[in-house]
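2 protein chains.
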Amino acid sequence: MGRRNFIKGMAAASAAVATPALALSEPAKGIKWDKQVDIAIIGSGFAGLAAAIEAKRLGGNNIEIFEKMAVYGGNSAINGGLFAAPNTPLQAKEGRKDSPDTMVADQLKAGRGIADEKILRHVAEHAMEALQMTLDAGAEYHPYLQQLGGHSVPRTYQTTVSCGGGITQPLLKECKKLGVTLSNRTKFEGFLLDEQGGVEGIKVRRGYYFGKEDGGNLEHIKVGKGVIVATGGFAQNINLRMAQDPTLTSEVGCTNAKGATGEAMLEMFRVGAVPVHMAHIQSGPWASPDEGGFGYVSNYSIYNFPHSIAVDRRTGLRFMDEIADRKTRADAQLERRDEQGNPNPPLMITSYKQSKQHPTAKKVLKYGVGWKFDSVEALAEHFGVPLAPLKQQIEEYNGYVKTGVDKQFGKNMAKAKGKYLEAPFTVVRLWPKVHYCQGGVQINPRAEVLNSMTGKPISKLFAAGEVTGGTHGVSRLGSCSIPECMVMGMTAARTILA
Amino acid sequence: MGRRNFIKGMAAASAAVATPALALSEPAKGIKWDKQVDIAIIGSGFAGLAAAIEAKRLGGNNIEIFEKMAVYGGNSAINGGLFAAPNTPLQAKEGRKDSPDTMVADQLKAGRGIADEKILRHVAEHAMEALQMTLDAGAEYHPYLQQLGGHSVPRTYQTTVSCGGGITQPLLKECKKLGVTLSNRTKFEGFLLDEQGGVEGIKVRRGYYFGKEDGGNLEHIKVGKGVIVATGGFAQNINLRMAQDPTLTSEVGCTNAKGATGEAMLEMFRVGAVPVHMAHIQSGPWASPDEGGFGYVSNYSIYNFPHSIAVDRRTGLRFMDEIADRKTRADAQLERRDEQGNPNPPLMITSYKQSKQHPTAKKVLKYGVGWKFDSVEALAEHFGVPLAPLKQQIEEYNGYVKTGVDKQFGKNMAKAKGKYLEAPFTVVRLWPKVHYCQGGVQINPRAEVLNSMTGKPISKLFAAGEVTGGTHGVSRLGSCSIPECMVMGMTAARTILA
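In the order they appear, the protein sequences are chains A and B. For the first sequence, my numbering begins at 1127 and goes up steadily by one. For the second sequence, my numbering begins at 1127 and goes up steadily by one.
No lab work stands behind these hints, which were simulated from the structure alone. Heads up, a few of these hints could be off.
Same chains, same label: a pair holds when it works inside one copy or across any pair of copies.
[Unchecked claim] Cross-link-like lysine-lysine pairs, in silico, DSBU-like; alpha carbons within 35 Å at most: (1) 1244 / 1338; (2) 1158 / 1482; (3) 1155 / 1582; (4) 1182 / 1351; (5) 1541 / 1155; (6) 1244 / 1302; (7) 1384 / 1244; (8) 1541 / 1351; (9) 1351 / 1155; (10) 1338 / 1155; (11) 1299 / 1351; (12) 1384 / 1235.
Next comes chain A alone, as it looks inside the complex (with noise of 0.2 Å):
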């Protein structure tokens, strides 16, 4: 594993940079309409979605729902399909106790003191109804639930395709059925504001190819109800991330769909948005520089970190707890860097029993970003690593599985217990990944975004999933995007609609 295959590694996930067009709202009066919508839906991942669907079922008509892209989901269908959810059917099977008090009080630990407890809240009270509403739309589970890191018990289901596509499918088709009308190749690119600085319309570019600004044609479309902005987040927006941090370059691995450029959020805050947090954008810290994007590693290592160790490939000792919230886990990585600074990724150790039990990790050895290795002796070998360290450190790890008490790291061992470290063993690599901004526009329980000279939401505003800034504070856990993005939806829907 040269130098070589690693840079091209981090360099394939951010190949495709767009710099995103010149948006610009104007005053609404004067306009010629093109088309009246009641209600219009800007982006068809998670959140465009579950709102779609929640505003049809309470009686809504004429929704569209605007996409950028050629393809729907946007970078909800290429995620990694997990949903976290309290008091869910696979809970009360395996017997977990929980609650979404218990939910919220991980969430705002990760948040470390200024996450968004109301937001956090609702979304936790209602992420079963969001989960039944995929599971009503044909989506299927791993009959299994999985602990994340951050999480305090196991609540996270996932796909069976191990990926977000396995929600937004069904979803997307759940919209056909009930009626809602989908433009894809339609982008968002402007509001058309009220005397008071209200929304009253949007423009959308029709027939647009992304990176080709001027192509396509300008609509006009009069919107009666309201706009939910559902566009995600920002990660590959090179300038912008860089902007609140420098070393967020574009040889940085981005494991977002390439539409992640975030110029609807820029443009909310062009009409009196509040930017919040803009400066939290978290890395994944379950990525391997040996793939573009979020690829396969992301997938099986989430799935295997309780039962492993991550190690320093100069020491052999492991560095961190393996199932931390990520912003812990990815500085941990990240201190790993050589005397130069480059990278050095760390190994993740697994003993192939247990990681075979994932259908991951038949791809991970496929497609070359995945080792497997007879003993201790030919992984420390072919990786350089020192071996008496390496043996005693497995040995030492041993004894936490036997005993259910990590006493390097404080990890919680309740998932790897009986599950020991032992040959013959899988390897992949890891270096943190961009993976979602935790900043983005203000907006309340109700998804109303607000003005930031008075406070109060801005007429017809509404937003909803990544786009939005503040719900997670300084680092989310994982698999608690879905959630939010679908219950936040939801609510927009029905705060329209109430």
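We have chain A; now place chain B onto it with these hints.
Just chain B, lined up with the frame of chain A:
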């Protein structure tokens, strides 16, 4: 010192909280101009005054400063008057080795990886020029340097009045002398934009009374060369600071002038400026809960920290490096909360012999926000500190003074040399107050405000000082704001008149 007084102290700081008025930019097309200026400067603090003086020196003409409050100087006039610069006459006199590189390195460390190195370097390289501008205008400084938290060498000048007014007053006089037009009670109300979204003019309200948003007369001012926004931070805007950090309620003390409400910054976001680091709001670790605002204790403790200890009154023990950067210290103090989560202000203990070297010691004692004790026993009894551990702590600390090595917290003991802690003592109580907003609009090292969609400068729009974001990263070092404000103000003038 009862809890009642404590809360009274906390509340005093934020008694006068204003909701910023609705500022709204609009197209300039068709506007009837009331007046034309070459350069419009919004705000009369360090940045605005330095910009005006520099513009005049470069041959600029028709320059007007707009100040919304009745009094000039803004928040700058009431801060500590601390000015960091490398390679100054006082450093030469004291034989201190320093350089812009060293100053930048100190700041990057406090910025925790996300500071803007280019701007920090630009400021450090021009800091002496800015200091000279204040000297030329007649500012007077103590004849010794201070070493503030996070600085690796003493490089901080302080005005003889221990207050920023010792700089703003001379600069203001200089502005008048140079023929700058000064307009107080004149509030910026929005930009007037050309067809490309650049700035063509501004709206101001003359005869404005703070908090009374509809009085006075609206004027449309055409701007020939540029607008420099130098309006400071938003620490007094409770909604906005709580959007970033829900714990910063109106109950939390604030050192800022009441006009620090941030509406010009919000308006820049509305014309497309990039919001950067809004989540990073700094609390001052040298403030006292026993008085409102910046008060006397802040200056007192900034001066005395190098040769003092801060102890938890419940244990009598130190809990931090007393000259770590501000965030490290504020976080350490906030962790002293009692079991119910109530503030538990630590005690700062200083030898009276040392504290009386600075003029604030007298005031702190006179106004009852500091106490003098003849013995450690009297001190311990007054505050209910366990005596034995406190005595041992003082003895241990005096060992560090002797050896020059702090084995507890790694404090740099250079400035404590020979300054043993001994009776009589002076004591103040510490609790952080909201002090400085690292967040604001993104600028480049030319002080140009960048457009969030294009990454290019917004035509004729410049910003300098606390209203800008990203320069300092997570935590700004003390005494680095005045050089930044002044250098970037001067830089804006140079860019405009180049």
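Okay, the hints, checked on the actual structure:
1. 1244 / 1338: between (40 Å within a copy, 33 Å between copies)
2. 1158 / 1482: neither (60 Å within a copy, 74 Å between copies)
3. 1155 / 1582: both (23 Å within a copy, 29 Å between copies)
4. 1182 / 1351: within (13 Å within a copy, 54 Å between copies)
5. 1541 / 1155: Answer is neither; intra-copy 61 Å and inter-copy 66 Å both fail.
6. 1244 / 1302: within (33 Å within a copy, 52 Å between copies)
7. 1384 / 1244: Both, since 32 Å and 29 Å are each at most 35 Å.
8. 1541 / 1351: So residue 1541 and residue 1351 fail the 35 Å test inside a copy (48 Å) and across (66 Å) alike.
9. 1351 / 1155: both (18 Å within a copy, 31 Å between copies)
10. 1338 / 1155: both (29 Å within a copy, 30 Å between copies)
11. 1299 / 1351: Close inside one copy (24 Å), not across copies (56 Å); limit 35 Å.
12. 1384 / 1235: Answer is both: 31 Å inside a copy and 33 Å across each meet the 35 Å cutoff.
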